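J.: Those sequence lines, one after another, are chains A and B.
Just so we're aligned: 149 in the working numbering is position 109 of the first sequence, and the numbers increase by one with no gaps anywhere.
Just so we're aligned: 877 in the working numbering is position 478 of the second sequence, and the numbers increase by one with no gaps anywhere.
Hints are computed from structural coordinates only; laboratory data are not their basis.
The structure presented is a predicted model; accordingly, all values stated were derived computationally and were not measured.
Yeah, the Cβ is synthetic: ideal placement off N, Cα and C, and Gly gets one too.
Check before you lean on any hint, since a few could be wrong.
No more than 30 Å apart at the CA atoms, straight line, and that leaves these computed lysine-lysine pairs for DSS-like [stated by the list, open to error]:
hint : chain 1 : residue 1 : chain 2 : residue 2
1    : B       : Lys718    : B       : Lys585
2    : A       : Lys146    : B       : Lys840
3    : B       : Lys560    : B       : Lys723
4    : B       : Lys614    : B       : Lys625
5    : B       : Lys518    : B       : Lys831
6    : B       : Lys747    : A       : Lys80
7    : B       : Lys723    : B       : Lys626
8    : A       : Lys118    : B       : Lys723
9    : B       : Lys520    : A       : Lys80
10   : B       : Lys830    : A       : Lys84
11   : A       : Lys80     : A       : Lys169
12   : B       : Lys560    : A       : Lys118
13   : A       : Lys118    : B       : Lys689
14   : B       : Lys585    : B       : Lys518
15   : A       : Lys150    : B       : Lys518
16   : A       : Lys150    : B       : Lys626
17   : B       : Lys520    : B       : Lys747
18   : B       : Lys585    : A       : Lys92
Some chain A residues judged to face chain B by a derived CB distance under 8 Å, without partners named [what the hints assert, rightly or not]:
hint : residue
19   : Met41
20   : Phe45
21   : Glu47
22   : Ala50
23   : Ile51
24   : Asp53
25   : Glu83
26   : Leu113
27   : Arg155
28   : Leu163
Residue-level listing of the chains:
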Amino acid sequence: MGHRFIEDIAIADVAFEVYGKTVDELFISAALALLDTMVKNSEKVRGRVAVKFLLEADDLDDLLIRFLNHLVLYKDSKSLIFGRFEVGVKQTGERWIVKCVAHGEKLDEKRHEPRVDVKSATLHMLEVKKTNGEWCGRVVLDV
Amino acid sequence: MEFKRPDFVEVSDVTWDIPITFKSGMRVPARVYADSKLLARMDDHVFDQIANVASLPGIQKYAFAMPDAHSGYGFPIGGVAAFDAHEDGVISPGGIGFDINCGVRLVVTDLTLNDVKPKIKDLVDGLFRAVPAGVGSVGRLRLSREEFSDMSINGAEWAVKKGYGCKDDLEATELNGVADWADDSKISSVAISRGIKQMGTLGSGNHYLEVQYIKPSDINDNALAKKWGLFPGQVVVMFHCGSRGAGHQIASDYIGLFSKTMGPKYGIEVADRELACAPFDSKEGQDYYKAMGCGVNISFANRQLILNEIREVFSEVFKKSPEKLGIRQLFDVAHNRASLEMHDIDGKKKELLVHRKGSTGSYPPGRKEIPKRFRKDGSPVLIGGSMETSSYLLVGGPKADETFDSTTHGSGRTMSRTHAKGLFNGQELFKKMLERGIYVKSASWAGLAEESGESYKSIEDVVNATDIAGLSKKVCRFTPLGNVKG
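Work out the full structure, taking the sequences as your base and the hints as a guide.
T.: Here it is, written out as C-alpha cells:
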C-alpha cells in the first residue's frame with residue numbers, strides 16, 4: 041500500500057501511482073495521495089470529524105475518480121480534509137460500490153501547511169489494474 | 400506512439416501543418432503556431448491530442464494549437480477548434496476546460512512605479528488578506544443557494560447590482576460580464592455546494608494576482624496604448640482566475656453524462672475519454688451549453704468581486720478613493736470558453752461553436768464580440784506570463800481569422816509540477832525574486848516553487864510567435880512588481 045508522484049506525464053498538473061494488496065487499500069492509498077498533494081503535514085490531520093458516504097459507478101476506475109472527487113467536494117464545501125479511511129469496495133452485478141468512513145478535520149493552514157489546491161481527479165491517463173496479485177492505479181489531478 | 404515531426408509541413412516560420420495522415424481518424428489537418436524553438440520544446444502529447452481534436456465530428460478547417468500549447472485533458476491547453484453549430488458539430492467540455500471562463504482581468508491606475516514601489520509590501524500583503532488564495536480558501540461573501548443561482552444567471556452584472564463595482568466595469572468585460580444563455584436548472588446541486596463559499600477567491604496552481612508596471616521602452620504601439628489610457632511608468636494590476644469548484648463540477652458532470660450517451664445514442668467515438676462530447680443541437684449538448692453559461696457567469700462574478708477588493712486595498716494603502724487613484728478596469732478576457740460566432744467557411748458565413756481552451760479571443764476591428772469601446776481598434780488580448788517574467792497586452796491581429804479569431808493565453812508550462820518542486824525551493828525563490836524587485840506573497844512555499852519562471856516557456860518567444868503569425872499584435876509589456884500566488 042502506498043503512492044508515488046510521477047514526473048512529467050501531466051505537465052500542468054499532478055500525477056501519482058497508487059498501490060494496494062486489495063482494492064480497498066488501493067482506494068485508501070489514492071485518498072492519502074490526494075491529501076499529500078494538498079498539504080505538507082498530512083500526518084498531522086486529526087480524526088475530529090467522521091463522514092460516511094456510499095458511491096456507485098459502472099467501472100472500477102470511474103468509481104475511484106468519483107471517490108476522490110467526493111473528498112474534493114468536502115474540501116471545497118466544508119473545508120474538511122481527511123487522513124484516515126475505512127473503505128469497502130465491492131462489485132454488485134454490473135455496478136461497483138464504495139462505502140467509506142473518512143476521518144479528518146478542518147484545514148488548518150498553520151498545522152497542515154497547504155501545498156496546492158486540487159480542483160478535480162480526472163479521467164486523463166487513468167488506469168486501475170491488478171498485476172501479480174497487487175492492485176495498482178494511476179491518477180492525474182487537475183490543480 | 401511514434402511521433403513524426405518530420406512529416407509536419409512548414410507553412411511559415413511560425414506555422415506548421417500536421418496532415419490528416421498523421422493519425423487515423425483525423426477529419427481535418429491540425430495547425431500548430433510556433434517557431435522551431437517552441438515546436439521543439441512542445442511535449443509530444445500536444446500533437447497527439449490536437450490530432451484527436453481533429454477527429455471530432457463537425458470540425459471546420461483545422462484543429463489549432465497556439466504557441467503556448469501544452470498537453471491537457473482531451474484538448475491540449477492552447478487548443479482551438481470550431482464546430483458547425485447547426486449540422487453535425489459537437490460541444491465538448493474537454494475543449495472548454497474544467498475551469499470554465501478562466502480568464503485574465505487588467506486593471507489600470509493613475510499611480511506610477513515611484514508611488515507604488517515604497518508601499519509594495521503593504522499593498523501585496525493587503526491584497527493577500529483581501530483575496531483568499533490556496534487550498535480550501537473561502538471567500539468573505541456568504542451567499543444563500545438562491546443568491547448563488549441568481550449570480551450564475553447574471554454574472555458580473557449581479558455583482559455590480561450588489562455594489563461590487565460599476566457599470567463601466569461591465570462595459571470593459573467580454574459579453575458585458577453576462578452569458579445571457581445561462582440556465583441554472585442545468586447545473587447540479589453539487590456544483591453549487593462546491594462554489595458557494597469560494598466566491599471572491601483566487602484559487603491555486605497558476606492563478607495569481609500581480610501588481611505590474613510599464614517600462615518606458617516596453618510600449619510597442621504608442622497610439623493604441625495612449626488611447627487605452629496606458630503610459631510609461633504606470634502601475635497596473637493583472638489577475639488570473641476562474642469559476643473555481645463550481646465550474647469544475649459542471650464540466651465533470653457533463654463529461655460523465657456525455658461519456659454514457661455519445662456512443663449509444665449518437666454513435667460518436669472519441670480517441671480520449673476526456674473528449675466526451677454531444678451534438679451541439681442535441682438535448683444533452685444544449686443542456687451543457689446552458690450550464691457552461693452558468694460557469695461563465697460564476698467566473699465573471701468572481702473576478703468582479705476580486706476587482707472590488709483590489710479597489711478597497713489600494714484605497715486603504717494610499718488613503719485615497721479608488722476614483723482619485725484612477726483605478727479602472729481596462730479589460731477582462733476569458734481563455735476557457737466556447738463561443739457561438741459567425742465565421743467565413745469557403746466563402747459562406749456559418750455559425751460555429753468555437754472552443755477555446757487556454758486560448759483567448761483575438762477579434763479584428765468591427766467584430767460584434769468586442770465591447771463597443773474597443774470595437775474600432777480590435778479586441779484587447781491579455782497574455783499572462785509566469786510570476787518571474789513579463790505579461791503582455793496585445794490587440795486582435797490581421798491574421799486571426801485563420802484561427803477563428805483565437806490566440807495565445809499565457810506562457811505554457813514545459814515542466815511538470817512534481818519536477819519543478821524537486822528542482823526549486825519556495826523560500827529561495829522568494830529571496831531571489833525579492834532581489835530582482837518582485838515581492839511575492841504565497842499561500843504555499845511548495846506552490847511557489849512549482850510556479851517558478853523556469854517551469855514555463857519563454858513568454859517573449861510565445862508572444863513573438865503570436866505577433867509574427869499575425870494572430871495578435873503587441874501593444875505593451877508589463878513587468879511584475881508584486882505578486883499574490885495561490
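J.: Hints first: check each against the structure and report whether it holds.
T.: Structure-based check of each hint:
Restraint check for Lys718 of chain B and Lys585 of chain B: not satisfied, since their Cα atoms lie roughly 45 Å apart, outside the 30 Å limit. Proximity of Lys146 of chain A to Lys840 of chain B is assessed by CA-CA distance (about 23 Å); at most 30 Å being required, the pair is judged to hold. Taken as a hint, the Lys560 of chain B and Lys723 of chain B pair is honoured in the structure, with Cα atoms around 22 Å apart against an allowance of 30 Å. Between Lys614 of chain B and Lys625 of chain B, the direct Cα distance comes to roughly 14 Å. Compliance with the 30 Å bound is thereby established for this hinted pair.
A distance of roughly 19 Å separates the Cα atoms of Lys518 of chain B and Lys831 of chain B; the hinted pair therefore holds under the 30 Å criterion. Proximity of Lys747 of chain B to Lys80 of chain A is assessed by CA-CA distance (about 57 Å); at most 30 Å being required, the pair is judged violated. Restraint check: the Cα-Cα separation between Lys723 of chain B and Lys626 of chain B comes to about 20 Å, which is no more than 30 Å; the hinted pair holds. Between Lys118 of chain A and Lys723 of chain B, the direct Cα distance comes to roughly 40 Å. Violation of the 30 Å bound is thereby established for this hinted pair.
Using a Cα cut-off of 30 Å, the hinted pair Lys520 of chain B and Lys80 of chain A holds, with the two alpha carbons roughly 26 Å apart. Simply put, Lys830 of chain B and Lys84 of chain A have alpha-carbon atoms about 28 Å apart, close enough for the 30 Å limit, and the pair holds. In summary, the hint linking Lys80 of chain A to Lys169 of chain A is supported, as the alpha carbons are separated by about 28 Å, within the 30 Å threshold. Distance restraint check for Lys560 of chain B and Lys118 of chain A: the Cα-Cα separation of roughly 28 Å lies within the 30 Å cut-off, and the hinted pair is therefore satisfied.
For a cut-off of 30 Å, the pair hint linking Lys118 of chain A to Lys689 of chain B stands: about 27 Å separates their Cα positions. At most 30 Å may separate the alpha-carbon atoms for a hinted pair to count; Lys585 of chain B and Lys518 of chain B exceed this at roughly 46 Å. Restraint check: the Cα-Cα separation between Lys150 of chain A and Lys518 of chain B comes to about 27 Å, which is no more than 30 Å; the hinted pair holds. Between Lys150 of chain A and Lys626 of chain B the CA atoms are separated by roughly 47 Å; this puts the pair beyond 30 Å, and the hint is violated.
The suggested pairing of Lys520 of chain B with Lys747 of chain B is violated, with an alpha-carbon distance near 55 Å, which exceeds 30 Å. For the hint pairing Lys585 of chain B with Lys92 of chain A, the CA-to-CA distance comes to about 27 Å; that is within 30 Å, so the pair holds. A distance limit of 8 Å between C-beta atoms decides the matter here; for Met41 of chain A the minimum to chain B is near 21 Å, and the interface restraint is violated. With a least beta-carbon distance of about 5 Å to chain B, the hint placing Phe45 of chain A at the interface is held under the 8 Å criterion.
Using the Cβ-Cβ criterion of 8 Å, the hint placing Glu47 of chain A at the interface with chain B is satisfied: the shortest such distance is roughly 4 Å. Restraint check, Ala50 of chain A versus chain B: the minimum CB separation of about 6 Å is within 8 Å; hint holds. With 8 Å as the threshold, the beta carbon of Ile51 of chain A comes within range of chain B, its nearest partner Cβ sitting at about 5 Å, so the hint holds. A cut of 8 Å between beta carbons decides the hint on Asp53 of chain A: the least distance to chain B is about 7 Å, and the hint holds.
Interface hint at Glu83 of chain A: violated, since its Cβ lies 16 Å from the closest Cβ of chain B, which is beyond the 8 Å cut-off. With 8 Å as the threshold, the beta carbon of Leu113 of chain A comes within range of chain B, its nearest partner Cβ sitting at about 6 Å, so the hint holds. Against a cut-off of 8 Å between C-beta atoms, the interface hint on Arg155 of chain A holds, since the closest Cβ of chain B lies about 4 Å away. Hint status for Leu163 of chain A: holds, given a least beta-carbon distance of 4 Å to chain B, under 8 Å.
Checked against the numbered hints listed earlier, the structure breaks hints 1, 6, 8, 14, 16, 17, 19, 25; every other hint is satisfied.
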